[in-house]
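Asks: Please work from the sequences and hints to get the whole structure.
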Amino acid sequence: MASTLNQPSAPLKFDHRLFEESVTAWRANPTAGHLGDVISFSGDADLHPRIADLVREAQARRFAVSPVQEELFRGVVDDAVPSDDSTTEGRLIFQSRVARLRRELLVAPENLLALLDLAQLQLAAGKADAAERLLKTAIGLAPNGRIVLRTAARFYVHLGIFDKAHQIIKRHPGTKKDPWLMASEIALADAAGVPSTMASLGLRLIKEAQTHPRHLAEVAGALANSEMMAGHYKEARQLLRKALLHPTDNIVAQAVMDGSRMGFELDAPTVTTAVRRSSEAQLLQAWQNQDEAGAERHALQWHAEEPFSSRPIQFLTTLYSLQSEYEKSLGWVRRGLIADPSDEGLIANLAFAKAAVGDIQLAENAINRIKEASLAPYLKATEGLIALKRGDFAKAESLYREAEHTFDKLSRPDLAALAMAYYAKFALESDAPDSARIRAEAEAKFNKARSIDGYLLMSRLSPSKPALPMDDEPKRRLSQWVFDSESNTLTERPGVTAKGAPAIVVASRKVPFPPLR
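Read in order, the letters of the sequence shown correspond to residues 1335 to 1851 in the numbering used here.
Be careful, since some hints might not be right.
Stated by the list, open to error - Think about it this way: if two alpha-carbon atoms lie no more than 27 Å apart in a straight line, the pair counts; the simulated DSS-like pairs of lysine-lysine are:
(1) Lys1782 x Lys1833
(2) Lys1541 x Lys1833
(3) Lys1461 x Lys1662
(4) Lys1470 x Lys1498
(5) Lys1541 x Lys1498
(6) Lys1729 x Lys1782
(7) Lys1541 x Lys1510
(8) Lys1743 x Lys1782
(9) Lys1568 x Lys1541
(10) Lys1743 x Lys1729
(11) Lys1809 x Lys1461
(12) Lys1809 x Lys1782
(13) Lys1833 x Lys1568
(14) Lys1743 x Lys1662
(15) Lys1541 x Lys1511
(16) Lys1833 x Lys1809
(17) Lys1511 x Lys1498
(18) Lys1510 x Lys1461
(19) Lys1729 x Lys1705
(20) Lys1470 x Lys1504
(21) Lys1723 x Lys1568
(22) Lys1498 x Lys1510
Treat the hints as calculated values from the structure; they're not laboratory data. Since we're looking at a predicted model, the values are computed, not measured.
Replies: Set out below in C-alpha coordinates:
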(Lines of atoms letter the chains of each structure in order from A and count residues from 1; the text may use other names and numbers.)
(Lines give C-alpha, C1' and ligand atoms only; values in the text may rest on other atoms or scores of the structure.)
Protein backbone atom coordinates (compact mmCIF):
# COMPACT_ATOMS: atom_id res chain seq x y z
CA MET A 1 0.00 0.00 0.00
CA ALA A 2 2.84 2.40 0.79
CA SER A 3 4.35 1.97 -2.67
CA THR A 4 0.98 2.71 -4.27
CA LEU A 5 0.53 5.88 -2.22
CA ASN A 6 3.97 7.08 -3.20
CA GLN A 7 3.17 6.95 -6.90
CA PRO A 8 2.47 10.34 -8.53
CA SER A 9 -1.22 10.85 -9.23
CA ALA A 10 -2.72 12.18 -12.46
CA PRO A 11 -6.29 13.05 -13.47
CA LEU A 12 -8.19 10.52 -15.56
CA LYS A 13 -8.14 11.20 -19.31
CA PHE A 14 -10.28 9.43 -21.88
CA ASP A 15 -10.10 9.17 -25.65
CA HIS A 16 -11.94 12.31 -26.80
CA ARG A 17 -12.27 10.96 -30.35
CA LEU A 18 -14.07 7.91 -29.01
CA PHE A 19 -16.27 10.21 -26.91
CA GLU A 20 -17.32 12.15 -30.01
CA GLU A 21 -18.14 8.89 -31.77
CA SER A 22 -20.34 7.87 -28.80
CA VAL A 23 -22.16 11.21 -28.95
CA THR A 24 -22.76 10.80 -32.67
CA ALA A 25 -24.11 7.26 -32.13
CA TRP A 26 -26.45 8.50 -29.40
CA ARG A 27 -27.80 11.32 -31.57
CA ALA A 28 -28.45 8.85 -34.39
CA ASN A 29 -30.12 6.34 -32.04
CA PRO A 30 -31.03 7.98 -28.68
CA THR A 31 -31.47 4.83 -26.59
CA ALA A 32 -30.63 4.45 -22.91
CA GLY A 33 -27.73 2.19 -23.88
CA HIS A 34 -26.11 4.77 -26.15
CA LEU A 35 -26.66 7.45 -23.51
CA GLY A 36 -24.90 5.23 -20.99
CA ASP A 37 -21.90 5.12 -23.32
CA VAL A 38 -21.79 8.94 -23.27
CA ILE A 39 -22.13 9.20 -19.47
CA SER A 40 -19.34 6.66 -18.98
CA PHE A 41 -16.86 9.35 -20.04
CA SER A 42 -17.72 11.53 -17.00
CA GLY A 43 -14.54 10.37 -15.25
CA ASP A 44 -12.68 12.88 -17.44
CA ALA A 45 -13.11 16.28 -15.76
CA ASP A 46 -12.52 18.12 -19.05
CA LEU A 47 -15.61 16.44 -20.51
CA HIS A 48 -17.93 17.32 -17.60
CA PRO A 49 -19.38 20.54 -19.09
CA ARG A 50 -20.06 18.85 -22.44
CA ILE A 51 -21.67 15.79 -20.83
CA ALA A 52 -23.81 18.05 -18.63
CA ASP A 53 -25.10 19.86 -21.73
CA LEU A 54 -25.96 16.52 -23.34
CA VAL A 55 -27.68 15.37 -20.16
CA ARG A 56 -29.86 18.51 -20.11
CA GLU A 57 -30.65 18.03 -23.80
CA ALA A 58 -31.72 14.43 -23.16
CA GLN A 59 -33.98 15.50 -20.31
CA ALA A 60 -35.52 18.33 -22.34
CA ARG A 61 -36.23 16.04 -25.30
CA ARG A 62 -37.56 13.24 -23.06
CA PHE A 63 -35.30 10.54 -24.46
CA ALA A 64 -35.34 7.05 -22.92
CA VAL A 65 -33.35 6.83 -19.68
CA SER A 66 -33.04 4.24 -16.95
CA PRO A 67 -33.56 4.94 -13.21
CA VAL A 68 -29.83 4.48 -12.61
CA GLN A 69 -29.06 6.99 -15.34
CA GLU A 70 -31.46 9.47 -13.70
CA GLU A 71 -29.24 9.32 -10.60
CA LEU A 72 -26.12 9.68 -12.73
CA PHE A 73 -27.72 12.68 -14.43
CA ARG A 74 -27.98 14.46 -11.11
CA GLY A 75 -24.36 13.80 -10.28
CA VAL A 76 -23.06 14.89 -13.67
CA VAL A 77 -25.13 18.07 -13.77
CA ASP A 78 -24.29 19.02 -10.18
CA ASP A 79 -20.57 18.53 -10.78
CA ALA A 80 -20.72 20.72 -13.87
CA VAL A 81 -22.28 23.71 -12.09
CA PRO A 82 -19.69 26.51 -11.76
CA SER A 83 -18.92 27.23 -8.12
CA ASP A 84 -19.35 30.99 -8.58
CA ASP A 85 -22.65 30.78 -10.49
CA SER A 86 -25.76 31.17 -8.37
CA THR A 87 -28.19 29.44 -10.73
CA THR A 88 -28.37 26.82 -13.43
CA GLU A 89 -31.38 27.19 -15.73
CA GLY A 90 -33.12 29.17 -12.99
CA ARG A 91 -32.42 26.58 -10.28
CA LEU A 92 -30.34 27.15 -7.19
CA ILE A 93 -27.38 24.80 -7.26
CA PHE A 94 -28.47 22.95 -4.14
CA GLN A 95 -31.96 22.08 -5.40
CA SER A 96 -30.79 18.58 -6.26
CA ARG A 97 -29.81 18.15 -2.61
CA VAL A 98 -33.34 19.18 -1.62
CA ALA A 99 -34.83 16.61 -4.00
CA ARG A 100 -32.54 13.90 -2.63
CA LEU A 101 -33.53 14.67 0.98
CA ARG A 102 -37.23 14.63 0.07
CA ARG A 103 -36.82 11.17 -1.43
CA GLU A 104 -35.12 10.00 1.75
CA LEU A 105 -37.95 11.39 3.88
CA LEU A 106 -40.54 9.58 1.78
CA VAL A 107 -38.88 6.32 2.82
CA ALA A 108 -38.05 7.34 6.40
CA PRO A 109 -40.09 10.39 7.52
CA GLU A 110 -38.60 10.14 11.02
CA ASN A 111 -35.03 10.70 9.74
CA LEU A 112 -33.97 13.61 11.96
CA LEU A 113 -30.78 14.48 10.11
CA ALA A 114 -32.61 14.62 6.79
CA LEU A 115 -35.28 16.87 8.35
CA LEU A 116 -32.65 19.24 9.75
CA ASP A 117 -30.63 19.33 6.53
CA LEU A 118 -33.76 19.99 4.50
CA ALA A 119 -34.79 22.78 6.90
CA GLN A 120 -31.43 24.48 6.47
CA LEU A 121 -31.58 24.18 2.68
CA GLN A 122 -35.12 25.58 2.66
CA LEU A 123 -33.82 28.50 4.69
CA ALA A 124 -31.04 29.02 2.13
CA ALA A 125 -33.72 29.17 -0.56
CA GLY A 126 -35.58 31.88 1.36
CA LYS A 127 -38.38 29.58 2.53
CA ALA A 128 -38.27 30.38 6.24
CA ASP A 129 -41.83 29.20 6.94
CA ALA A 130 -41.15 25.80 5.37
CA ALA A 131 -37.90 25.54 7.31
CA GLU A 132 -39.69 26.35 10.58
CA ARG A 133 -42.31 23.66 9.95
CA LEU A 134 -39.59 21.08 9.40
CA LEU A 135 -37.81 22.14 12.58
CA LYS A 136 -41.03 21.86 14.59
CA THR A 137 -41.50 18.36 13.21
CA ALA A 138 -37.95 17.47 14.28
CA ILE A 139 -38.54 18.88 17.76
CA GLY A 140 -41.75 16.86 18.02
CA LEU A 141 -39.84 13.69 17.14
CA ALA A 142 -36.86 14.40 19.42
CA PRO A 143 -37.71 17.12 21.97
CA ASN A 144 -34.53 16.36 23.92
CA GLY A 145 -32.20 15.99 20.94
CA ARG A 146 -29.13 18.15 21.33
CA ILE A 147 -28.59 18.66 17.60
CA VAL A 148 -32.29 19.44 17.08
CA LEU A 149 -32.31 22.10 19.79
CA ARG A 150 -29.08 23.70 18.59
CA THR A 151 -30.28 23.76 14.98
CA ALA A 152 -33.60 25.34 16.01
CA ALA A 153 -31.77 28.01 18.00
CA ARG A 154 -29.51 28.75 15.05
CA PHE A 155 -32.58 29.13 12.84
CA TYR A 156 -33.95 31.93 15.02
CA VAL A 157 -30.51 33.57 15.21
CA HIS A 158 -30.56 33.63 11.41
CA LEU A 159 -33.93 35.42 11.56
CA GLY A 160 -32.53 37.88 14.11
CA ILE A 161 -34.87 36.68 16.88
CA PHE A 162 -32.09 36.28 19.44
CA ASP A 163 -34.29 36.19 22.54
CA LYS A 164 -36.36 33.29 21.16
CA ALA A 165 -33.20 31.40 20.19
CA HIS A 166 -31.86 31.92 23.71
CA GLN A 167 -35.09 30.82 25.38
CA ILE A 168 -35.17 27.52 23.44
CA ILE A 169 -31.87 26.50 25.03
CA LYS A 170 -32.21 28.28 28.37
CA ARG A 171 -35.57 26.75 29.27
CA HIS A 172 -34.73 23.19 28.29
CA PRO A 173 -34.10 21.03 31.38
CA GLY A 174 -31.26 19.19 29.65
CA THR A 175 -29.16 22.35 29.36
CA LYS A 176 -28.03 22.08 33.00
CA LYS A 177 -26.46 18.68 32.30
CA ASP A 178 -25.27 18.96 28.71
CA PRO A 179 -22.12 21.06 28.09
CA TRP A 180 -22.97 21.38 24.38
CA LEU A 181 -26.25 23.06 25.27
CA MET A 182 -24.48 25.13 27.94
CA ALA A 183 -22.14 26.44 25.24
CA SER A 184 -25.13 27.45 23.12
CA GLU A 185 -26.79 29.19 26.06
CA ILE A 186 -23.64 31.23 26.83
CA ALA A 187 -23.20 32.29 23.20
CA LEU A 188 -26.90 33.06 22.71
CA ALA A 189 -27.03 35.11 25.90
CA ASP A 190 -24.25 37.29 24.48
CA ALA A 191 -26.18 37.65 21.21
CA ALA A 192 -29.41 38.50 23.05
CA GLY A 193 -27.64 40.95 25.33
CA VAL A 194 -28.68 39.22 28.56
CA PRO A 195 -26.67 37.57 31.36
CA SER A 196 -25.90 33.89 30.89
CA THR A 197 -27.47 31.44 33.34
CA MET A 198 -25.00 28.66 32.49
CA ALA A 199 -21.62 30.40 32.54
CA SER A 200 -20.78 29.59 36.16
CA LEU A 201 -21.98 26.00 35.81
CA GLY A 202 -19.95 25.55 32.63
CA LEU A 203 -16.85 26.96 34.31
CA ARG A 204 -17.32 24.54 37.21
CA LEU A 205 -17.55 21.60 34.80
CA ILE A 206 -14.26 22.65 33.21
CA LYS A 207 -12.50 23.01 36.58
CA GLU A 208 -13.76 19.64 37.82
CA ALA A 209 -12.31 17.97 34.70
CA GLN A 210 -14.61 14.96 35.09
CA THR A 211 -16.00 15.29 31.56
CA HIS A 212 -14.08 14.33 28.43
CA PRO A 213 -12.41 17.42 26.89
CA ARG A 214 -14.21 16.80 23.59
CA HIS A 215 -17.55 17.59 25.25
CA LEU A 216 -16.12 20.65 27.00
CA ALA A 217 -14.56 22.21 23.90
CA GLU A 218 -17.45 24.46 22.90
CA VAL A 219 -18.38 25.57 26.40
CA ALA A 220 -14.73 26.46 27.03
CA GLY A 221 -14.65 28.33 23.73
CA ALA A 222 -17.84 30.25 24.53
CA LEU A 223 -16.47 31.24 27.93
CA ALA A 224 -13.13 32.20 26.35
CA ASN A 225 -14.93 34.52 23.96
CA SER A 226 -16.86 36.15 26.82
CA GLU A 227 -13.64 36.68 28.80
CA MET A 228 -11.83 38.12 25.78
CA MET A 229 -14.67 40.54 25.06
CA ALA A 230 -14.45 41.67 28.68
CA GLY A 231 -10.69 42.25 28.28
CA HIS A 232 -9.68 39.34 30.54
CA TYR A 233 -7.03 37.89 28.22
CA LYS A 234 -5.26 35.70 30.77
CA GLU A 235 -8.48 33.85 31.63
CA ALA A 236 -9.45 33.72 27.94
CA ARG A 237 -6.12 32.09 27.01
CA GLN A 238 -6.51 29.34 29.60
CA LEU A 239 -10.06 28.58 28.47
CA LEU A 240 -9.17 28.58 24.78
CA ARG A 241 -6.25 26.23 25.49
CA LYS A 242 -8.66 23.76 27.06
CA ALA A 243 -11.08 24.17 24.15
CA LEU A 244 -8.25 23.29 21.76
CA LEU A 245 -7.48 19.96 23.44
CA HIS A 246 -10.23 18.42 21.27
CA PRO A 247 -11.36 21.28 19.00
CA THR A 248 -14.53 21.34 16.91
CA ASP A 249 -14.76 23.25 13.62
CA ASN A 250 -16.25 26.23 15.48
CA ILE A 251 -13.46 26.26 18.04
CA VAL A 252 -10.58 26.01 15.60
CA ALA A 253 -12.06 28.83 13.50
CA GLN A 254 -12.36 30.91 16.68
CA ALA A 255 -8.73 30.13 17.53
CA VAL A 256 -7.48 31.17 14.09
CA MET A 257 -9.49 34.40 14.27
CA ASP A 258 -8.59 35.31 17.86
CA GLY A 259 -5.19 33.63 18.08
CA SER A 260 -3.30 36.75 17.00
CA ARG A 261 -5.10 38.89 19.58
CA MET A 262 -4.26 36.37 22.28
CA GLY A 263 -0.72 35.82 21.00
CA PHE A 264 -1.01 32.04 20.47
CA GLU A 265 1.27 29.84 18.39
CA LEU A 266 -1.23 27.48 16.77
CA ASP A 267 1.17 24.73 15.77
CA ALA A 268 -0.06 21.89 17.99
CA PRO A 269 -0.89 18.73 15.95
CA THR A 270 -4.48 18.64 17.22
CA VAL A 271 -4.98 22.22 16.04
CA THR A 272 -3.35 21.90 12.62
CA THR A 273 -5.32 18.71 11.96
CA ALA A 274 -8.57 20.42 12.98
CA VAL A 275 -7.81 23.41 10.74
CA ARG A 276 -7.56 21.09 7.72
CA ARG A 277 -11.09 19.86 8.47
CA SER A 278 -12.65 23.33 8.70
CA SER A 279 -13.32 25.42 5.60
CA GLU A 280 -13.89 28.49 7.77
CA ALA A 281 -10.55 28.09 9.57
CA GLN A 282 -8.73 27.51 6.28
CA LEU A 283 -10.37 30.62 4.84
CA LEU A 284 -9.18 32.69 7.80
CA GLN A 285 -5.63 31.32 7.54
CA ALA A 286 -5.50 31.98 3.78
CA TRP A 287 -6.76 35.53 4.35
CA GLN A 288 -4.12 36.18 7.01
CA ASN A 289 -1.51 35.00 4.51
CA GLN A 290 -2.87 37.36 1.80
CA ASP A 291 -3.73 34.31 -0.32
CA GLU A 292 -6.72 35.64 -2.27
CA ALA A 293 -7.19 32.53 -4.42
CA GLY A 294 -7.01 30.22 -1.40
CA ALA A 295 -9.40 32.37 0.60
CA GLU A 296 -11.89 32.39 -2.29
CA ARG A 297 -11.64 28.60 -2.68
CA HIS A 298 -12.27 27.92 1.01
CA ALA A 299 -15.11 30.45 1.14
CA LEU A 300 -16.83 28.65 -1.74
CA GLN A 301 -16.39 25.34 0.06
CA TRP A 302 -17.75 26.86 3.29
CA HIS A 303 -20.79 28.12 1.40
CA ALA A 304 -21.32 24.66 -0.13
CA GLU A 305 -21.30 23.17 3.38
CA GLU A 306 -23.53 25.89 4.90
CA PRO A 307 -25.60 27.45 2.09
CA PHE A 308 -27.95 29.04 4.63
CA SER A 309 -25.15 31.05 6.30
CA SER A 310 -24.51 34.63 5.18
CA ARG A 311 -20.95 34.73 6.54
CA PRO A 312 -19.13 33.07 3.60
CA ILE A 313 -21.26 35.16 1.22
CA GLN A 314 -20.37 38.37 3.05
CA PHE A 315 -16.70 37.46 2.70
CA LEU A 316 -17.02 36.69 -1.02
CA THR A 317 -18.88 39.93 -1.77
CA THR A 318 -16.17 41.89 0.06
CA LEU A 319 -13.34 40.01 -1.68
CA TYR A 320 -14.80 40.54 -5.15
CA SER A 321 -15.34 44.24 -4.42
CA LEU A 322 -11.68 44.56 -3.39
CA GLN A 323 -10.77 42.92 -6.71
CA SER A 324 -13.13 45.26 -8.64
CA GLU A 325 -15.20 42.21 -9.66
CA TYR A 326 -18.44 44.06 -8.96
CA GLU A 327 -20.72 41.87 -11.08
CA LYS A 328 -19.48 38.80 -9.21
CA SER A 329 -20.07 40.62 -5.93
CA LEU A 330 -23.62 41.50 -6.99
CA GLY A 331 -24.32 37.90 -7.95
CA TRP A 332 -23.33 36.70 -4.49
CA VAL A 333 -25.26 39.51 -2.80
CA ARG A 334 -28.38 38.38 -4.65
CA ARG A 335 -27.79 34.81 -3.55
CA GLY A 336 -27.35 35.85 0.08
CA LEU A 337 -30.48 37.98 0.06
CA ILE A 338 -32.51 34.96 -1.08
CA ALA A 339 -31.68 33.30 2.24
CA ASP A 340 -32.06 36.49 4.28
CA PRO A 341 -33.70 39.45 2.52
CA SER A 342 -33.21 41.64 5.60
CA ASP A 343 -29.43 41.12 6.00
CA GLU A 344 -28.35 44.75 6.18
CA GLY A 345 -24.66 43.88 5.84
CA LEU A 346 -25.38 42.35 2.45
CA ILE A 347 -27.64 45.27 1.53
CA ALA A 348 -24.74 47.63 2.33
CA ASN A 349 -22.51 45.58 0.02
CA LEU A 350 -25.27 45.75 -2.60
CA ALA A 351 -25.34 49.55 -2.34
CA PHE A 352 -21.56 49.75 -2.72
CA ALA A 353 -21.36 47.41 -5.73
CA LYS A 354 -24.27 49.15 -7.45
CA ALA A 355 -22.59 52.52 -6.93
CA ALA A 356 -19.30 51.12 -8.27
CA VAL A 357 -20.92 50.02 -11.54
CA GLY A 358 -22.82 53.31 -11.88
CA ASP A 359 -26.34 52.19 -10.91
CA ILE A 360 -26.78 55.28 -8.75
CA GLN A 361 -30.54 55.09 -8.19
CA LEU A 362 -30.40 51.43 -7.14
CA ALA A 363 -27.46 52.20 -4.84
CA GLU A 364 -29.42 55.00 -3.14
CA ASN A 365 -32.48 52.76 -2.84
CA ALA A 366 -30.37 50.15 -1.06
CA ILE A 367 -28.89 52.75 1.30
CA ASN A 368 -32.38 53.91 2.26
CA ARG A 369 -33.30 50.33 3.31
CA ILE A 370 -30.59 50.22 6.01
CA LYS A 371 -31.36 51.18 9.61
CA GLU A 372 -28.43 49.58 11.46
CA ALA A 373 -26.46 52.41 13.13
CA SER A 374 -23.13 50.54 13.04
CA LEU A 375 -23.22 50.62 9.22
CA ALA A 376 -23.48 54.43 9.08
CA PRO A 377 -19.79 55.14 8.29
CA TYR A 378 -19.78 52.48 5.55
CA LEU A 379 -22.83 54.12 4.00
CA LYS A 380 -21.17 57.55 4.17
CA ALA A 381 -18.26 56.18 2.16
CA THR A 382 -20.69 54.72 -0.40
CA GLU A 383 -22.44 58.08 -0.61
CA GLY A 384 -19.00 59.56 -1.26
CA LEU A 385 -18.58 57.13 -4.16
CA ILE A 386 -21.97 58.17 -5.54
CA ALA A 387 -20.87 61.83 -5.37
CA LEU A 388 -17.70 60.93 -7.30
CA LYS A 389 -19.77 59.19 -9.98
CA ARG A 390 -21.83 62.38 -10.31
CA GLY A 391 -18.71 64.54 -10.55
CA ASP A 392 -19.40 66.36 -7.28
CA PHE A 393 -15.82 66.15 -5.98
CA ALA A 394 -16.30 68.56 -3.04
CA LYS A 395 -19.22 66.57 -1.67
CA ALA A 396 -17.30 63.33 -2.17
CA GLU A 397 -14.40 64.72 -0.13
CA SER A 398 -16.74 65.73 2.67
CA LEU A 399 -18.51 62.35 2.80
CA TYR A 400 -15.34 60.24 2.70
CA ARG A 401 -13.77 62.42 5.42
CA GLU A 402 -16.87 61.97 7.56
CA ALA A 403 -16.58 58.19 7.20
CA GLU A 404 -12.85 58.37 8.02
CA HIS A 405 -13.39 60.46 11.16
CA THR A 406 -16.23 58.24 12.37
CA PHE A 407 -14.05 55.13 12.09
CA ASP A 408 -11.25 56.93 13.95
CA LYS A 409 -13.66 57.86 16.76
CA LEU A 410 -14.69 54.20 16.97
CA SER A 411 -11.01 53.28 17.49
CA ARG A 412 -10.90 51.55 14.09
CA PRO A 413 -8.03 53.28 12.30
CA ASP A 414 -7.73 50.26 10.00
CA LEU A 415 -11.24 50.89 8.66
CA ALA A 416 -10.52 54.60 8.40
CA ALA A 417 -7.46 53.76 6.28
CA LEU A 418 -9.53 51.38 4.16
CA ALA A 419 -12.14 54.08 3.52
CA MET A 420 -9.37 56.42 2.35
CA ALA A 421 -7.90 53.70 0.12
CA TYR A 422 -11.26 53.28 -1.60
CA TYR A 423 -11.53 57.05 -1.90
CA ALA A 424 -8.12 57.14 -3.60
CA LYS A 425 -9.09 54.31 -5.97
CA PHE A 426 -12.38 55.86 -7.10
CA ALA A 427 -10.98 59.41 -7.20
CA LEU A 428 -8.37 58.18 -9.67
CA GLU A 429 -11.01 56.34 -11.75
CA SER A 430 -13.26 59.44 -11.73
CA ASP A 431 -10.43 61.80 -12.80
CA ALA A 432 -10.86 63.85 -9.63
CA PRO A 433 -8.53 66.88 -9.70
CA ASP A 434 -6.81 65.98 -6.41
CA SER A 435 -6.47 62.22 -7.00
CA ALA A 436 -2.65 62.26 -6.55
CA ARG A 437 -2.97 64.04 -3.20
CA ILE A 438 -5.73 61.69 -2.05
CA ARG A 439 -3.64 58.64 -2.93
CA ALA A 440 -0.64 60.01 -1.00
CA GLU A 441 -2.87 60.61 2.04
CA ALA A 442 -4.33 57.10 1.72
CA GLU A 443 -0.82 55.59 1.65
CA ALA A 444 0.16 57.56 4.74
CA LYS A 445 -3.00 56.48 6.53
CA PHE A 446 -2.45 52.83 5.54
CA ASN A 447 1.16 52.88 6.76
CA LYS A 448 -0.08 53.88 10.23
CA ALA A 449 -2.93 51.33 10.41
CA ARG A 450 -2.34 48.37 8.13
CA SER A 451 -4.87 45.68 7.41
CA ILE A 452 -5.14 42.86 4.90
CA ASP A 453 -8.07 44.57 3.14
CA GLY A 454 -6.10 47.80 2.94
CA TYR A 455 -3.03 45.95 1.71
CA LEU A 456 -4.91 44.24 -1.12
CA LEU A 457 -6.43 47.54 -2.21
CA MET A 458 -3.28 49.68 -1.87
CA SER A 459 -1.16 47.08 -3.67
CA ARG A 460 -3.37 47.64 -6.72
CA LEU A 461 -3.05 51.42 -6.44
CA SER A 462 0.58 52.01 -5.54
CA PRO A 463 3.43 51.65 -8.07
CA SER A 464 5.68 50.60 -5.19
CA LYS A 465 3.72 47.70 -3.73
CA PRO A 466 3.20 48.23 0.02
CA ALA A 467 4.09 45.48 2.43
CA LEU A 468 2.36 44.17 5.48
CA PRO A 469 4.78 44.01 8.42
CA MET A 470 5.67 40.51 9.53
CA ASP A 471 4.13 39.52 12.82
CA ASP A 472 7.34 38.83 14.71
CA GLU A 473 5.82 39.31 18.16
CA PRO A 474 6.85 36.36 20.39
CA LYS A 475 4.00 33.89 20.75
CA ARG A 476 2.71 31.81 23.64
CA ARG A 477 2.41 28.06 23.29
CA LEU A 478 -0.45 25.86 24.39
CA SER A 479 2.00 23.38 25.92
CA GLN A 480 5.67 22.42 26.00
CA TRP A 481 7.52 19.13 25.63
CA VAL A 482 10.01 18.29 28.38
CA PHE A 483 12.95 16.01 27.58
CA ASP A 484 14.50 14.22 30.54
CA SER A 485 17.97 13.00 29.53
CA GLU A 486 18.32 10.78 32.60
CA SER A 487 15.16 8.77 31.89
CA ASN A 488 15.32 9.42 28.12
CA THR A 489 11.65 10.43 28.06
CA LEU A 490 9.69 13.17 26.34
CA THR A 491 6.63 14.38 28.25
CA GLU A 492 4.06 16.99 27.32
CA ARG A 493 3.65 19.76 29.86
CA PRO A 494 0.19 21.31 29.33
CA GLY A 495 -0.49 24.96 30.03
CA VAL A 496 -0.11 28.38 28.40
CA THR A 497 3.56 29.35 28.30
CA ALA A 498 5.25 32.73 28.53
CA LYS A 499 5.90 34.62 25.29
CA GLY A 500 8.60 33.15 23.07
CA ALA A 501 8.84 29.88 24.99
CA PRO A 502 10.59 27.08 23.05
CA ALA A 503 8.65 24.02 21.92
CA ILE A 504 11.00 21.64 23.78
CA VAL A 505 12.88 22.18 27.04
CA VAL A 506 15.49 19.93 28.64
CA ALA A 507 14.95 18.93 32.24
CA SER A 508 17.60 20.15 34.66
CA ARG A 509 17.88 19.93 38.40
CA LYS A 510 19.81 23.21 38.57
CA VAL A 511 17.66 25.41 36.34
CA PRO A 512 13.93 25.49 37.14
CA PHE A 513 11.38 25.51 34.35
CA PRO A 514 10.00 28.89 33.33
CA PRO A 515 6.56 29.39 34.83
CA LEU A 516 3.42 28.85 32.82
CA ARG A 517 1.23 31.90 32.37
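Asks: Can you name, in rising order, the numbers of the hints this structure does not satisfy?
Replies: Numbers 5, 11, 14, 18 and 21 - these are the hints that the structure violates, sorted from lowest upward.
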